[in-house]
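Undergrad: Each chain, letter by letter, is given below.
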Amino acid sequence: MNINLISLVILVIFACVLYSIYVQVIKKKNKVQEAFASIDVQLKKRYDLIPNILAIANKFMEHERGLIEDVTRLRTEALKLQSDFSSMKNKIKLENELQSKLGQLMVSVENYPQLKSNETMVQAMQTFAEMEEQISAARRFYNAAILDLNNAVEIFPSSIFASSMGLTTLPFFEIADEKEKAPIDAKTYLYK
Amino acid sequence: MLAITEEANEYRKKFHEYYYEKIANDLAKFEQSRKPEFAKYTLWMALTVLTAAVTICCLIYFSQIIPQGFWDRNGPGQAILSIGGLIMVGFYFLGVKVKKNFENKVKEKIIHSFLSFFGAFRWSSKEKIDKEELIESKLVGNNKHMGVTGDDYFEGTYKDVKIIISELSLDIPGNKRRLQIFDGIFVKLSMNKKINSHTIVKEDFSIKTLEGCYHLPQSFSGMDKTELEDPEFNKMFDVYTQDQVEARYILTTSFMERFKRLKEVYKAKEIRASFKDSSTLLIGLSCNKDMFVLGDVRKPITDSGEIQQLFEEFLAVISLVDLLKLDSKTGL
Numbered sequence: 001m002n003i004n005l006i007s008l009v010i011l012v013i014f015a016c017v018l019y020s021i022y023v024q025v026i027k028k029k030n031k032v033q034e035a036f037a038s039i040d041v042q043l044k045k046r047y048d049l050i051p052n053i054l055a056i057a058n059k060f061m062e063h064e065r066g067l068i069e070d071v072t073r074l075r076t077e078a079l080k081l082q083s084d085f086s087s088m089k090n091k092i093k094l095e096n097e098l099q100s101k102l103g104q105l106m107v108s109v110e111n112y113p114q115l116k117s118n119e120t121m122v123q124a125m126q127t128f129a130e131m132e133e134q135i136s137a138a139r140r141f142y143n144a145a146i147l148d149l150n151n152a153v154e155i156f157p158s159s160i161f162a163s164s165m166g167l168t169t170l171p172f173f174e175i176a177d178e179k180e181k182a183p184i185d186a187k188t189y190l191y192k
Numbered sequence: 001m002l003a004i005t006e007e008a009n010e011y012r013k014k015f016h017e018y019y020y021e022k023i024a025n026d027l028a029k030f031e032q033s034r035k036p037e038f039a040k041y042t043l044w045m046a047l048t049v050l051t052a053a054v055t056i057c058c059l060i061y062f063s064q065i066i067p068q069g070f071w072d073r074n075g076p077g078q079a080i081l082s083i084g085g086l087i088m089v090g091f092y093f094l095g096v097k098v099k100k101n102f103e104n105k106v107k108e109k110i111i112h113s114f115l116s117f118f119g120a121f122r123w124s125s126k127e128k129i130d131k132e133e134l135i136e137s138k139l140v141g142n143n144k145h146m147g148v149t150g151d152d153y154f155e156g157t158y159k160d161v162k163i164i165i166s167e168l169s170l171d172i173p174g175n176k177r178r179l180q181i182f183d184g185i186f187v188k189l190s191m192n193k194k195i196n197s198h199t200i201v202k203e204d205f206s207i208k209t210l211e212g213c214y215h216l217p218q219s220f221s222g223m224d225k226t227e228l229e230d231p232e233f234n235k236m237f238d239v240y241t242q243d244q245v246e247a248r249y250i251l252t253t254s255f256m257e258r259f260k261r262l263k264e265v266y267k268a269k270e271i272r273a274s275f276k277d278s279s280t281l282l283i284g285l286s287c288n289k290d291m292f293v294l295g296d297v298r299k300p301i302t303d304s305g306e307i308q309q310l311f312e313e314f315l316a317v318i319s320l321v322d323l324l325k326l327d328s329k330t331g332l
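Chains A and B, in that order, are what the protein sequence lines are. The letter at position 161 of the first sequence is residue 161 when you use the numbering used here, and the numbering goes up by one with no holes. The letter at position 267 of the second sequence is residue 267 when you use the numbering used here, and the numbering goes up by one with no holes.
By construction, these hints were calculated from the structure, which means they are not laboratory data. The beta carbon of each residue, even a glycine, is placed where N, CA and C say it ideally should be. Hints may be right or wrong, so weigh each one.
[Said to hold, decoys possible] Computed spacing ranges between beta-carbons, pair by pair:
no. : chain 1 : residue 1 : chain 2 : residue 2 : range
1   : B       : 10        : A       : 79        : 45 to 55 Å
2   : B       : 10        : A       : 81        : 50 to 60 Å
3   : B       : 230       : A       : 79        : 53 to 63 Å
[What the hints assert, rightly or not] In silico lysine-lysine, DSSO-like type, Cα no more than 30 Å apart, as pairs:
no. : chain 1 : residue 1 : chain 2 : residue 2
4   : B       : 276       : A       : 27
5   : A       : 45        : B       : 194
6   : B       : 325       : A       : 29
7   : B       : 193       : A       : 101
8   : B       : 325       : A       : 45
9   : B       : 260       : A       : 44
10  : B       : 225       : A       : 44
11  : A       : 31        : B       : 225
12  : B       : 193       : A       : 116
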């Protein structure tokens with residue numbers, strides 16, 4: 001009788017431990033989805049702002065047609081992508097390219113005094129800078145959530161639950177291209 | 001406290017000239033009135049010490065004469081101790097009152113010239129940061145019976161950043177007596193970033209008393225505990241937030257570096273900060289000493305060390321704006 005009772009208690013404790021690990025894995029997965037949604041919201045704000053910036057830039061920046069067209073193309077491609085994990089890798093690659101091109105465009109504004117002093121452009125640039133800060137914050141949250149989930153997927157015993165739920169490691173939102181990691185030389189863009 | 005930014009050094013050089021031009025003469029006029037006030041203060045303090053000595057002598061003497069039941073409850077020992085203690089406390093508070101009145105008198109005359117050096121600042125000895133605001137910030141626990149004693153209060157603008165400095169002492173009812181939970185300054189600053197949620201950065205501020213360790217009851221419901229990328233920052237501070245993205249928007253890696261330096265720069269016992277909606281940053285610096293003292297009745301008024309100390313303390317606090325780069329929108 002005593003042995004049965006002890007066995008039952010051990011079984012119950014073991015079941016509770018397994019359940020709590022299962023719950024943790026679910027929580028981490030949901031957190032990643034929440035973080036992904038946060039980035040998506042910020043990126044959509046960026047997509048909405050881009051046409052305004054390009055409309056003003058088009059009037060003044062005759063020599064940056066190539067850059068403006070690149071930004072337009074990348075924005076269109078990014079909008080076509082679905083907001084789910086299956087397109088995450090492509091999304092990250094596109095966003096990094098778009099950010100790089102937009103950065104170049106903002107630096108090139110310095111070459112056009114008329115554009116630099118245009119009130120609408122100044123406001124758009126301030127909004128853009130603010131938005132980039134928000135995207136950076138959302139990206140950091142996303143990476144923190146991904147780290148937690150990847151740890152759960154790779155480390156025993158949560159890895160057992162993760163593999164049974166079909167969860168795999170996910171990519172971080174980071175700069176992939178070595179060229180993009182190199183510091184930008186403003187002179188390259190300013191003195192053409 | 002020592003402000004160590006470049007701007008602070010510039011201010012020090014200019015203040016030296018400003019002091020002799022605008023403040024020194026007015027300050028010197030108080031030296032005449034300080035002497036009689038100091039005599040009064042010394043008298044009350046002497047009476048306090050004398051009462052203590054007399055009480056102890058009485059206790060020793062009468063405990064010899066009445067050995068039986070002297071220390072019993074409601075016995076003669078308790079009575080002598082109570083009466084002596086009451087008189088002592090009375091004399092002590094009279095001395096403190098003389099000191100405080102003189103300080104306020106000097107401050108009311110001199111502080112405006114002093115603050116003019118820094119721009120548009122004003123001082124008050126009666127105002128303080130609202131108790132409800134402190135409780136809402138979740139930096140001081142949620143005890144509605146919290147007592148708030150204010151001392152100096154400054155309000156003004158530095159580099160277009162609105163600043164309020166309030167020297168406060170906070171206490172709450174304990175088991176046997178009131179427990180002091182904070183003694184220092186709260187600084188309220190306008191942030192250069194728009195905030196829509198509530199984020200708290202705090203150290204472990206449990207209160208260690210003779211009876212044991214007292215943990216300040218505080219509910220962080222609706223807020224998540226967050227670990228950021230800086231392991232040293234995570235070790236020093238706990239971060240609670242209503243919005244994970246906004247917490248990282250405020251607490252960038254550069255901001256975290258600057259925030260970590262605050263404790264070292266201000267030699268504060270502990271630091272706590274609340275970033276709340278309407279873009280306000282509230283920082284609590286626990287110093288456990290009386291700050292912004294001017295017109296100490298015990299020292300010569302013309303002792304430039306006192307005005308220098310006041311200058312350094314005030315400059316150190318407003319330098320929070322430079323240290324945390326609250327005046328610029330660099331995105332960092």
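Undergrad: Against this structure, judge whether each hint is valid.
TA: Hints and how they fare:
{"no.": "1", "hint": "B:10 <-> A:79: 45 to 55 Å", "result": "holds (51 Å)"}
{"no.": "2", "hint": "B:10 <-> A:81: 50 to 60 Å", "result": "holds (52 Å)"}
{"no.": "3", "hint": "B:230 <-> A:79: 53 to 63 Å", "result": "violated (35 Å)"}
{"no.": "4", "hint": "B:276 <-> A:27", "result": "holds (27 Å)"}
{"no.": "5", "hint": "A:45 <-> B:194", "result": "holds (16 Å)"}
{"no.": "6", "hint": "B:325 <-> A:29", "result": "violated (36 Å)"}
{"no.": "7", "hint": "B:193 <-> A:101", "result": "holds (26 Å)"}
{"no.": "8", "hint": "B:325 <-> A:45", "result": "holds (27 Å)"}
{"no.": "9", "hint": "B:260 <-> A:44", "result": "violated (34 Å)"}
{"no.": "10", "hint": "B:225 <-> A:44", "result": "holds (28 Å)"}
{"no.": "11", "hint": "A:31 <-> B:225", "result": "holds (13 Å)"}
{"no.": "12", "hint": "B:193 <-> A:116", "result": "holds (23 Å)"}
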